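Undergrad: If you want the building blocks of each chain, they are given just below.
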Amino acid sequence: GAGVSQSPSNKVTEKGKDVELRCDPISGHTALYWYRQRLGQGLEFLIYFQGNSAPDKSGLPSDRFSAERTGESVSTLTIQRTQQEDSAVYLCASSTQGAVTEAFFGQGTRLTVV
Amino acid sequence: SQQGEEDPQALSIQEGENATMNCSYKTSINNLQWYRQNSGRGLVHLILIRSNEREKHSGRLRVTLDTSKKSSSLLITASRAADTASYFCATAYGEYGNKLVFGAGTILRVKS
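Taken in order, these protein sequences are the chains called B and H. Per this note's numbering, the first sequence starts with residue 1, numbered consecutively. Per this note's numbering, the second sequence starts with residue 115, numbered consecutively.
Hints may contain errors.
[To be verified] Partial list, derived from the structure: chain H residues whose beta carbon lies under 10 angstroms from chain B:
1) Asp121
2) Asn144
3) Gln147
4) Gly156
5) Leu160
6) Ile161
7) Lys213
8) Val215
9) Gly217
10) Gly219
11) Ile221
[Unchecked claim] Here's a subset of chain B near chain H, in silico, CB distances under 10 angstroms, partners left out:
12) Gly71
13) Gly98
14) Glu102
15) Gln107
Just so you know, the hints here were simulated from the structure itself, not pulled from any lab data. Since this is a predicted model, take the numbers as computed values, not measurements. Ideal Cβ placement from N, Cα and C applies to all residues, glycine included.
Build the full structure now, drawing on both the sequences and the hints.
TA: Shown next, in the form of structure tokens:
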């Protein structure tokens, strides 16, 4: 596709359920980022993938959060046993050379935990 | 935290005026980037300034970088109502300069 695609656009889930969020980066982009943005706040770094290197997971807030990426393609962010505090917009971005070049963002997934 | 800190948190100006937003950061960086966000969803890249650059222009945007003070400023000249958005600075740091970390942002409102 022409840009970064995220799905679903919106997700409402019950507390305690697991959710999986998907990100399709721009073809050829080796770097992929996940961020969390709570209402009215800035972007909180979660995880970074660069090609086949080990991901930088330093921003994952707890072991309920995990993410995978196969090669330079699709990435999934999984949140297990969701809590109300997980409610936020989850943004994905990709770039050609990590943070050396501009990042292109998807429209995000708005997660609401009820 | 490695995040940049923007100020002011919010800025309200009249159409035609200039808007200045500032960003400070804590550690050595590879580059600093500015992004705009409308309606709380995807961000759009505005401009990237490398650590060895001091000033950069793009249309009505002017960005400066002072690495000695660990700060940057974004100036939007002749603002328009369409410039109303949140503006974020992002710093690239780390061993390979690949970790892109964002500040809390400045909310700009341009009144027509």
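Undergrad: Are the hints correct? Go through all of them and say.
TA: These are the hints, each one checked on the structure:
1. Asp121: Violated. Min distance 13 angstroms.
2. Asn144: holds, 7 angstroms
3. Gln147: holds, 7 angstroms
4. Gly156: With a minimum Cβ separation of about 4 angstroms from chain B (threshold 10 angstroms), the hint on glycine 156/H holds.
5. Leu160: holds, 9 angstroms
6. Ile161: holds, 9 angstroms
7. Lys213: holds, 6 angstroms
8. Val215: holds, 5 angstroms
9. Gly217: Hint on glycine 217/H: holds, closest Cβ of chain B at ~6 angstroms, below 10 angstroms.
10. Gly219: With Cβ-Cβ at 5 angstroms, under 10 angstroms, it holds.
11. Ile221: holds, 9 angstroms
12. Gly71: violated, 17 angstroms
13. Gly98: Holds, about 3 angstroms.
14. Glu102: holds, 4 angstroms
15. Gln107: holds, 5 angstroms
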